[in-house]
Amino acid sequence: MDLSFVAIQALNGLASASSLFITACGLTLVFGVTRIVNFAHGSLYMVGAFTAATLVPWMLELWFGPVSFWLGIVISALIVGLLGVVIEVLLLRRIYGAPELFQLLATFGIVLVLQDLVVQIFGPQDILGPRAPGLRAPVEILGRRFPSYELVLIAAGPAVLAAVWFVLRKTRFGTLIRAATQDREMVAALGVNQALLFTGTLFLGAFLAGLGGALQIPRVAANTGMDLSIIAECFVVTVVGGMGSVPGAFLAALIIGQLQAFGILIFPKSTLVVVFLLMAVVLAIRPYGFFGRPEILGGTHAVGIASRKPMARGTLLATIGIVLLACLPLIGDPYLLKVATEILVFALFAFSLQLLIGVGGLVSFGHAAFFGLGAYGSALTVKWLGAPMEAAFPAGLLLAALGAALIGAFVVRLSGIYLAMMTLAAAQILYAIAFQWVEVTGGDNGIVGVWPSNWVAGRSAYYLLTLALTVITVLFLKKIIESPFGYALRAARDSEPRAEAIGIAVRQQRWLAFILAGAGAGIAGSLYAFSRGSVDPSLLGIPTSVDALTMLLLGGIQTIAGPLAGSAVLHILRDQIMPLTSLWRLFLGLSIIGMVLVFPRGLVGTIRQWGEDRA
Amino acid sequence: MAKTSMTGWLALGVALALGASAAQAQTAPIKIGELNSYAKQAAFTVPYRDGWRLAVEEINAKGGVLGRPIEVISRDDGGTTGDATRVADELVTREGVSLLFGSFLSNVGVAMADYANQKKIVYIAAEPLTDAITMAQGNRYTFRIRPNNFMQVGMLVEQAKASGAKRWAIVAPNYEYGQSAAAVFKRLIKESVPGAEIVAEQYPALGKIEAGATVSALEQAKPDGIFNVTFGPDLTQFVREGNTRGLFEGKTVLSLLTGEPEWLLPLKDEVPEGWIVTGYPWDEITEPKHKAFVDAYRAKYNDTPRLGSLLGYMVLYMIRDTIERAGSTDTDAIIKALEDAKFDTVAGTVTMRGIDNQSSMGAWVGKLVLKGKSGGMSDWKYNDGTSYMPSEAEVKAARKD
Amino acid sequence: MSLLAVERLNKAFGGVVAAHDVSFAVERGEMLALIGPNGAGKSTVFNMIGGQLPPDRGAVLLEDKAITLASPQERFRQGIGRTFQIAQAFHSMTVCENVQMALISHHRESRAIWTEARQHHRRDALDLLSQVGMAEAADRSCSVLAYGDVKRVELAIALAGEPKLLLMDEPTAGMAFRERAALMDLTHSIARTRRIGILFTEHDMDVVFGHASRILVLLRGEIIAAGSPAEIRENAQVRQAYLGNAPALTGAP
Amino acid sequence: MTPLLDIQGLSASYGRAQVLFDISLQLHPGEVVALIGRNGAGKTTTLKAILGLVIARAERLAFKGQSIAGLPTYRIARLGLGYVAEDRRIFTDLTVEENLEVGRQAQRAGRSPWSRERLFGLFPNLAEMRGRRGSQMSGGEQQMLAIARTLMGNPDAILLDEPSEGIAPVIVQAMAEVIRAMKAEGVAVLLSEQNWAFAAAIGDRACVIERGTIRFAGPMADFLADEALRAETLGV
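Chains as they are written, first to last, in my numbering: chain A, 1 to 615; chain B, 1001 to 1401; chain C, 2001 to 2253; chain D, 3001 to 3236.
Note that these hints are calculated values from the structure, not bench results. None of the values given here were measured: they were computed from a predicted structure. Treat the hints loosely; a few may be bogus.
[As the list claims (entries may be wrong)] The list that follows gives simulated cross-link-like pairs (lysine-lysine, BS3-like), each with its CA atoms no further than 25 angstroms apart:
#, chain 1, residue 1, chain 2, residue 2
1, B, K1062, B, K1300
2, B, K1342, B, K1289
3, A, K269, B, K1222
4, B, K1208, A, K269
5, B, K1291, B, K1031
6, A, K269, B, K1031
7, B, K1268, B, K1371
8, B, K1400, A, K383
9, B, K1186, B, K1161
10, B, K1342, B, K1031
11, A, K383, B, K1161
12, A, K269, B, K1120
13, B, K1396, A, K383
14, B, K1119, B, K1336
15, B, K1062, B, K1289
16, B, K1289, B, K1268
17, A, K269, B, K1300
18, B, K1031, B, K1166
19, A, K383, B, K1119
20, B, K1367, B, K1381
21, B, K1381, B, K1291
22, B, K1190, B, K1396
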């Protein structure tokens, strides 16, 4: 490796870092003020790229020159900023008071909606934007050619940092934003129109996302996969830098940029893992990132399960329910049974998450990790050991539990949003391994031929097996929730200092909860693998984790029946919408947003609330 | 006499009654299930849908098959294996379709192949490329039209041999398609070019290429030739960075699929001229049958046909021929009619090889060239797939059935 | 042998010294008050004894055994109970379950999964609740209690661990006057009968002077005075720095 | 004289638990009214309900003759109604000067506006630490800053929630001086207190609140004279 190569590689890293920072900076700003983790930030970035790739050529057509180009970039960013305003006014403004998980879910709804809208507006094809006039030619650096546009990008990062710093430190708007970051209510009581302030912040955040996207057009064709690929990296940057810290984001982006530039030389096949490993390492050493602080979860934190009097005839009703479900094969056709099987599997999956979120207050964004581990554990056992289903099930459970033990050991040191992000990182690391370790996992093709043993090969038999395992696991988890162990988890959720002061080893308790929840999700994963006959990395992906969260939240985290209802509703919804229209993401997204607005406590929780209000 | 006539009348009545219901059965459409990632991969799947819809119209206008019209029941497969197999199940159990075709992504294709095997229903994969569908995961019920990875890489290696380049660099997306293409290339280049060596390998994450860093790293290895498997947004980024930094100057570049309109259209006027690619020079193919297809397609959709359009169009005609030859929609009959059958398609004569259910459809190999405002192919040649297919021994070693 | 011995504790945050060479001892059965203006370092000292904060230097000894770096859980096992400035209870549980939870932990049963938590130690919990006068509210949810009642529940929780030493951070903050006196009287009698040493901080000077057996005054991280209530009342430095000269404003009738 | 702040029939609930019942009270220009009650009696809720920080119903809720029921909090504040929260709630990441900047509002006609410099005259120790972050201030200093910050909005009236809670006795005395100074400037103060001695030292009138209901309203002297009332409502 000669010096000029190292220098060029470092410059490459700087250019990527700048681009990443500009986008991530908006995410961290919005989080700082509104406390909303905006999943849709990546979508805004994508819209910025599409807008610029469409608008800038048109402007260059009118008048070719650098002015048109840069003006086009800025206008595109402004348009995205206005889109941010629209999102704030129409949706976010209504849910600032909602539990943060619901906010997250709502923004994921926006992701779905924008995915379809972008295709409708800009067309499905990638759009290659023009290059910047005057910056087409490379410059010679140490005898190597380097694109001059990248030099502009390298300068743009620090320029944005300086501009944001100026706005935050030297303007009244910035002072107000920083004040609102800490205490919104007090800002309002001092006569500041916080609605306007939030709208302004969303504008700024969306503008930066749009700018980040628009600046990419000379390098990247605008494409429909941009949203989710950038959002994961933005999360890493904001978390590593410390949530809400702009300088932290800058530092994190610099490190990630260099890590990627030089990482591809050393580990050309594991680029995905490297970034998330960095995040895991940083959080293991500094639980709140470089410049972050512990998140104080205030009154908006979703409350989980609380003590209540056992429902009259609850056992009877549950028994009747189970018997009715067991009779389904008598009336249902095979397809209905297949759907019912999947609903049960996902109900179990969501229910295992309930142990973490509803009981332990541990918000996991990466629950797919355990679901996927369970599925892969079974599939790998079938594939490599030729084991039958009966042996593969315990193997899946074991792998999921082991994974949960390992991940949990890191995660329980954290709290709040950092915990959530660490679980996300863990799931992403596993995803990357499943995706890239082709020899063992089959890569994106996954593993097929994972079919159940003969005695449960029939639809009805497998359905009954799923029902039995689901009921047993749910009853077991319910037992745990009511046991001293579950109470101790709840105690740690209600008040960590109090729990510690009465001698509860909070971290160990949570670690055990992770293992139990992981094992539960692992069973669900194994069941799913055999019901489908195959596994692939998408089982470990972000959408799977979001599915679990959606089902849990739709159902309601305060109740035991919630996740069961949530999984049924989401599944049926998807099943009904998908055949009707190729715009199913739009409708699914709107449905999720609608439900967040209408059922702020989840279906079961809200209905129970109505019942109690009437009583 | 009276008795006879009585019997006669009865017989006539029964015959009429049966005839009527038979006639009704004959006009009821033949249901075929189709699924693809129409929402998530719209750029590729919508032209494909346009292709098969055109074929359905044409076929039904000419009276359908076996005297019955064809009805394609189409679903979105959600782009995931889970959704795909569930949707397939709905098509089979609820809609009662006779066979399935479709899907774009390789992993969905593999899962569908396995599904077909399990449920004993024919599945025709038009687009997915992974070798697994006809090799390791191949089965009696799964058929594929498009030339697979192995075949297309083989065609490019032939060109590599001609170029004389020895020091090769590989850039491929880090997922199954990219890795298996790279592995095949490594194997074949060493077999066919003595003294060839691989001097650099880069495997950027799919959709997340660090193009600048990747180009620098490849450049550092000073290769004579580059084998590219990246596609989509990764490809455009790679091309731009590579052009700016002069990576491709004086080097032989082989690139999979880049000559397909799907990939050329987004590149606009920035096509890397001189790259040797597999692709689809739709505008230059002069066979009358193909021209008729292009004209009909453009007339109906006012759009450029993509390779997907061609595949969609082809697959439906092949399904029609199969059902006609099978004389029924019975699965075993369909399989029998498909295996080792010859089809006269718009892309020429294609044989469905029986041992691996891989069609002998070939690919067009040529050089990229700028034609006006977008790229096209020049010096192209259609390579029939037959001579590039994996040998029977290889197939037997890989397949479990 | 003192019950609790604190030896030259030091703690700084950034450049700000929150505790400097703080040393004192707590004896069995005594109520020692730690007072000082806001920001004087009371909470810091308190949290170093409670295990929420590790000291930079110095030692904490319980019955001559060093617990300087022990976790809060270990301290609980050694016999330290505590209440918090802002009452900390388990809001999703009933009053009785709160105390049961503490008993479960005390009996090291918090990993049990086959039994119902509600069945554990209910009688003992009710016993403790009646000691603090909360037995009637046993089955109400903790989240609907008045603040003063939560403080009582907290006391019952702290007592469930059979502590030798009780740390109470502003035990009466946010309570009405009559309740304050009642709670402190209760605490006092518990301390005496069970021979528990109590260390508490407090802003209400009536509570401090009415109940403490000894008083420590902390100012800018250092102990500036220690002694009986009478001695502290007369200490000129304390008056000047903290108490001021207008007792009427402190709420004494 | 028309009251500056006129509250009649104010009720409020948290969830299903009603905490305020039919509260009526008036604040006139330049006077200090002490809202006295024990913890949990509804003092803080009353103040928050006036500002729209908790949802409440009222027959009449008017400030300077204008109805403020249902207005967003910031609009109420801009009309000239200041608020100092119970736990001070200064912005700890911001410097003293920035904290004051957040409170700044356009001046209102008829009164000389509070400027930073004028406030530093009233709170000399804040002047010395103008560049210091809120997190590095003592509780008493934070309380002073919270009041100064509210004054930057040039309010005609301030709702002051338990300024003496959790503060060293010596600072409590300084606090009384500050409130007197504000009164001298013509700012009316609605003071919530459970420290009745403190309230008595600065209040013109007293309102005693118990379980969400006003038990007594009248001149401070009458309240001081009524030992039975004090014993019953405050336990002293």
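For each hint, the structure was consulted:
| no. | hint | verdict |
| --- | --- | --- |
| 1 | B:K1062 <-> B:K1300 | holds, 17 angstroms |
| 2 | B:K1342 <-> B:K1289 | holds, 17 angstroms |
| 3 | A:K269 <-> B:K1222 | holds, 20 angstroms |
| 4 | B:K1208 <-> A:K269 | holds, 12 angstroms |
| 5 | B:K1291 <-> B:K1031 | violated, 29 angstroms |
| 6 | A:K269 <-> B:K1031 | violated, 45 angstroms |
| 7 | B:K1268 <-> B:K1371 | holds, 10 angstroms |
| 8 | B:K1400 <-> A:K383 | holds, 13 angstroms |
| 9 | B:K1186 <-> B:K1161 | holds, 13 angstroms |
| 10 | B:K1342 <-> B:K1031 | holds, 24 angstroms |
| 11 | A:K383 <-> B:K1161 | violated, 38 angstroms |
| 12 | A:K269 <-> B:K1120 | violated, 38 angstroms |
| 13 | B:K1396 <-> A:K383 | holds, 19 angstroms |
| 14 | B:K1119 <-> B:K1336 | holds, 17 angstroms |
| 15 | B:K1062 <-> B:K1289 | holds, 17 angstroms |
| 16 | B:K1289 <-> B:K1268 | violated, 28 angstroms |
| 17 | A:K269 <-> B:K1300 | violated, 45 angstroms |
| 18 | B:K1031 <-> B:K1166 | violated, 53 angstroms |
| 19 | A:K383 <-> B:K1119 | holds, 20 angstroms |
| 20 | B:K1367 <-> B:K1381 | holds, 10 angstroms |
| 21 | B:K1381 <-> B:K1291 | holds, 17 angstroms |
| 22 | B:K1190 <-> B:K1396 | holds, 23 angstroms |
Checked against the numbered hints above, the structure breaks hints 5, 6, 11, 12, 16, 17 and 18 and satisfies the rest.
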